[in-house]
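**Q** So the chains spell out like this:
Number of protein chains: 4
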Amino acid sequence: MIIVMKTKAKEEQVEGVIKKIQELGYRPHVSRGVERVIIGAVGDERHRTRLQALDSMPGVDSVIPILKPYKLASRDFKAENTLVPIDDGPVVGGKQFVVMAGPCSVESMDQLRETARAVKEAGASVLRGGAFKPRTSPYSFQGLEKEGLEMLAEVRKETGLPVVTEIMTIGDLDLVCQYADILQIGARNVQNYPLLRKVGTTRKPVLLKRGMMVTVEELLMAAEYILMGGNQNVILCERGIRTFETATRNTLDISAIPVIKEKSHLPVLADPSHSCGYWQYVHALSLAALAAGADGLLVEVHSRPQEALCDGGQSLKPEKFHRLMDALRNLAPAVGRDLSPQVRGSNARAIA
Amino acid sequence: MIIVMKTKAKEEQVEGVIKKIQELGYRPHVSRGVERVIIGAVGDERHRTRLQALDSMPGVDSVIPILKPYKLASRDFKAENTLVPIDDGPVVGGKQFVVMAGPCSVESMDQLRETARAVKEAGASVLRGGAFKPRTSPYSFQGLEKEGLEMLAEVRKETGLPVVTEIMTIGDLDLVCQYADILQIGARNVQNYPLLRKVGTTRKPVLLKRGMMVTVEELLMAAEYILMGGNQNVILCERGIRTFETATRNTLDISAIPVIKEKSHLPVLADPSHSCGYWQYVHALSLAALAAGADGLLVEVHSRPQEALCDGGQSLKPEKFHRLMDALRNLAPAVGRDLSPQVRGSNARAIA
Amino acid sequence: MIIVMKTKAKEEQVEGVIKKIQELGYRPHVSRGVERVIIGAVGDERHRTRLQALDSMPGVDSVIPILKPYKLASRDFKAENTLVPIDDGPVVGGKQFVVMAGPCSVESMDQLRETARAVKEAGASVLRGGAFKPRTSPYSFQGLEKEGLEMLAEVRKETGLPVVTEIMTIGDLDLVCQYADILQIGARNVQNYPLLRKVGTTRKPVLLKRGMMVTVEELLMAAEYILMGGNQNVILCERGIRTFETATRNTLDISAIPVIKEKSHLPVLADPSHSCGYWQYVHALSLAALAAGADGLLVEVHSRPQEALCDGGQSLKPEKFHRLMDALRNLAPAVGRDLSPQVRGSNARAIA
Amino acid sequence: MIIVMKTKAKEEQVEGVIKKIQELGYRPHVSRGVERVIIGAVGDERHRTRLQALDSMPGVDSVIPILKPYKLASRDFKAENTLVPIDDGPVVGGKQFVVMAGPCSVESMDQLRETARAVKEAGASVLRGGAFKPRTSPYSFQGLEKEGLEMLAEVRKETGLPVVTEIMTIGDLDLVCQYADILQIGARNVQNYPLLRKVGTTRKPVLLKRGMMVTVEELLMAAEYILMGGNQNVILCERGIRTFETATRNTLDISAIPVIKEKSHLPVLADPSHSCGYWQYVHALSLAALAAGADGLLVEVHSRPQEALCDGGQSLKPEKFHRLMDALRNLAPAVGRDLSPQVRGSNARAIA
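Residue numbers (the working numbering), protein chains in the order written: chain B, 2 to 353; chain F, 2 to 353; chain P, 2 to 353; chain Z, 2 to 353.
In case anyone wonders, no lab produced these hints; they're calculated from the structure. On a predicted model such as this, the values are computed, not experimentally measured, just so you know. There could be a bad hint or two in this list.
Derived pair list, reagent style EDC-like, types lysine to aspartate or glutamate, alpha-carbon separation capped at 16 Å [to be verified]:
(1) B:Lys9 to P:Glu263
(2) B:Lys158 to B:Glu218
(3) Z:Lys264 to F:Asp62
(4) F:Lys9 to Z:Asp175
(5) F:Lys264 to F:Asp339
Calculated Cβ distances over 10 Å to all of chain F for the following chain B residues [claimed, not checked]:
(6) Ala80
(7) Asp175
(8) Pro319
Ideal Cβ placement from N, Cα and C applies to all residues, glycine included.
Required output: the full structure, derived from the provided sequences and hints.
**A** See the structure below:
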């Protein structure tokens, strides 16, 4: 932590800060510049809340943190990439580019089965589908809840595709864990700390979506809450941030991919569907995400988007998804990736 | 809902949309312009999710909603201002400008008591203080939890000030309700819909803080979740939105005050402390909020900010808070408001 | 400037940075922390471009500037408030709260005269009106140019109100200077450096509007370009920044008022009309700006807004402006300000 | 244009709007819904400024435009891709992925020559380099101006690489046109309408950079100003927008690539260097831009970045640029593009 004193700070104010730094258990390191005094506080900055409060001391201009505020999520802490294996499914974070696809929400057995078969055939290796839906409007469809989870389980059995589905509240943890292979924490819950702590106590893979108002640093801090509980199976997901641009629903922060790869060892997916909000742009953004170094995608596919109860306008039809998978398969080798192949053993299970 | 067709949409595509609108139970109203066809879908737009999905039909350029997506929160639904009475405290939303003040987090009995007495003396009519703290970093102080609630209760008894404190998760509802006069939903939980539904089942006043990336419309939708449960005691709070400006921690969206007053009947406070993040600007922003028509303030005051475990840099010292209250008291009549007087009966209770 | 080395930076990399700092004429000051080395570069940071480039040296994690990048605009440089006197008009930056009002664009002699008389009567002390209009669309009305300037001059003579009008390009400087009492630099030109330098060579008061994506620091840097030329008569203007919120056209950054007052000695106005884009909110925002410490307002008034060629929806009608001026006059004493009185001598000139 | 009346609008207010629409030369089309009346105004919306002003009429809730506000730049107007041929250089907008590379600013003959040779060798087909530099700080290096242009001309002769360089003000047009093959309009001048009109009168290719605060729609409107003058040789460039994220300097809006490709026929480049501000992320973003459908790149390369007078931290060293070009060449075929080959005839010219 660096404490920058005001231009006209008095010597006694400088002394006051030095004394306070020592009281808080840090070692002060004073540097007298042309215009002002700068004081370093040497020690573990992670517990720095109290140092931050120095900015209300007389004579202090600002307090600048130096260390990253996260530890377990950082590449300094763990240099090699984390691999997250999915039960009966792919490993996320390795050479394989993992595509998770399916409808925004589970609406009916027919819709889910039809879509699941289509995405499997095209080469997706995880099925996505929401049973609990966080909707801005209380008048919108809120998901089939338990019934939706049961449909996911049934289709999982039929197709062999492992399932990623959202959990919205602590009380549903046991229920959702029974059905889900990957627990999804939605963008609106990325700073729901009690929920993060709770999923940190399981060993289920967690797909943590970046909130639309959350910086990469804050996303890594959210991941830290899960990692602290001992659950290392964290997969991050960039899904668009909120900006002034209205041509797309959100703005896919493609730079977040290389930034996360540099700062953290955790795998990161991109969600092109929620990022842009229009199926027309999903193809281009998916290719961009692969090229930028993402470890996979979360894509919305719906067999009949114009009848969707949720986000129809951003869902790909099966034939467009097929075309996307072909394009990804074509592009992957040029950036040293494999596209996720058919899930091994799925047929066996589907048959059995 | 208005469906705008593409410039070159074919007649059969127009027919397809018309048919779909009818199937969904709306009445189509076709308007043929110079360049394109526009189709109105007449009917209750609130259940419009499925209309929105029309934008994935062939020939459709865009789908534009016309109605506001909220109802119970809107001024169209209820023209007169909602008044929210606080137990043993002021009424929020009336002539009185209600100042809620206190430390960001409850840290110790001494800190809380000292601060509470100071803010009461200065004329605050509600005590704020967090026992459960949502912190970006898992390494920061997370609140005293139950112990903090008990301190609040104790100081409430001593000073007669009703208490507003944050609830972070459904499981804590009964506990927090025992101690709090007002349930605070923090910015990070503004779209935690299960929590909103749950507090909607109580009749406790709820202070709903706007999220830093939530539009006014989305804030009103969040309020709608609470109102739907039958709890009419909703107080909104503007606390700064996230923008590119870094001179302040967030950007107080002062326009949100008149916008909310026009669109909704619910009372609205401003939180100048979290908005700017620096105590230096709290005075000016507080006066601005009063002048803009806010119904009150949520202000951080700490008897010794440089020792605060949380947000010390944005907390006013008691003497600065005193000066602020004097300035507000001076300004209030010019905009037709009274500053909240001492809470009646508080002494009696404190003595008993 | 502080150079933060990477956690695993090698000793030779540290030495390399130290050497480079010395080569660039700065004094290095090394601080060895628990996890990493931090190096201060002591010397005048204003010419720091080259120090910034150190972040491409091996072993360097980041380079953090300490000093403010502006000098002449800063309060450190000049402690007392700058007063900008307007010819035949008020002084901006003193006790008087100066209201500049008029139509967005000059459209006709009748429209301008009618509006000017109305705003004068209500107590405005400067007339605003654009002759050169920067319009997003090339198909929109672009201003009457020279003819508009002549109308402004004529109405100036009739009413005695000094005139503020926009200059868009260097080539128009002489022309605009002939007619304008205050040169307005619009939001889109706030970083048009050749234009800023050019108006810096005059001694005309300059009203510099903050760009909608410009930080307060960048605004002060833009002012620095003008001040460097020797023109001290700079008036800043907060006019709303671009955010994700769509309920208003832009978001009035009310905090910018106290931030600018703390960091700079220059006067600052607010433009509530462009900030929100709807006349309904102009009243509340104007009062807020006065309460927050602004030195005045720039308000759009149009005698017949529904016939305006530009920004009709955000213009106040004369009677609403009258009501606003009354409210401001009522509020001003509570924050130690006078509302600008009738311009002295204007009648004399108008009669003569 | 669609005029939405308020829920409780009176019949006479509806009549008033209808009459006004007719007066303005449009045909009204009334639709009476469950809750409110909606009126379409049929006619050419491009000249719609005056319709917009209807939102200040009594009873009107809002006015919603339907048509795109640009015409010449739209794909509706011209379906096939525009190709922009560069003198002695590549064609932008065709199959070839065109890489323009070089230093941020021209600093010396040695620096420019060394860098130009390196980028040419790696396969860049246009040399970038600024002689006039718009710098936030007046204390930063402002460019070598005419001397810089002469260096560019000299190096152009030596290497055969055509040159793209920035023009900042109308007065420099003739000078810059003498030396530049492509006129660059910087992000800060994207809404400098007099400058846009002026370059529209030439037939030089114009590289128009998106401002950091400008929507895609506004960028296309800025292009419209140039196209209206008869200059069809407009190349757009996405260079990052301003958001709340601070891990990168700006946020590359990768979605803008497919959005522009859908809405317009103009070619579009990406500038990964300014987008992110750190050389570390330039490689990933460049690949992403190619995959997303961009027509080329504008990349900063500096032979000795740590000595750069401008933006050293975001410049690639020649060897890293070489590696990038190899990666692009490897990726291009997978998305149906060729990487720009060596410029034909350049050797001849260099030798002659």
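**Q** If a hint holds in the structure, say so; if it doesn't, say that too.
**A** Hints, one by one, checked against the model:
1. Between Lys9 (chain B) and Glu263 (chain P) the CA atoms are separated by roughly 14 Å; this keeps the pair inside 16 Å, and the hint holds.
2. At most 16 Å may separate the alpha-carbon atoms for a hinted pair to count; Lys158 (chain B) and Glu218 (chain B) exceed this at roughly 38 Å.
3. For the hint linking Lys264 (chain Z) to Asp62 (chain F), the alpha-carbon distance of about 11 Å falls within 16 Å, and the restraint holds.
4. For the hint linking Lys9 (chain F) to Asp175 (chain Z), the alpha-carbon distance of about 43 Å lies beyond 16 Å, and the restraint is violated.
5. A threshold of 16 Å between alpha carbons decides the hint, and for Lys264 (chain F) with Asp339 (chain F) the separation of about 24 Å lies outside it, so the pair is violated.
6. Distance check on Ala80 (chain B): its Cβ is at least 22 Å (rounded) from any Cβ of chain F, clearing the 10 Å threshold; non-interface status holds.
7. The Cβ of Asp175 (chain B) sits about 14 Å from the closest Cβ of chain F, beyond the 10 Å cut-off, so the non-interface label holds.
8. Against chain F, the non-interface label of Pro319 (chain B) holds: every CB pair exceeds 10 Å, the least being about 13 Å.
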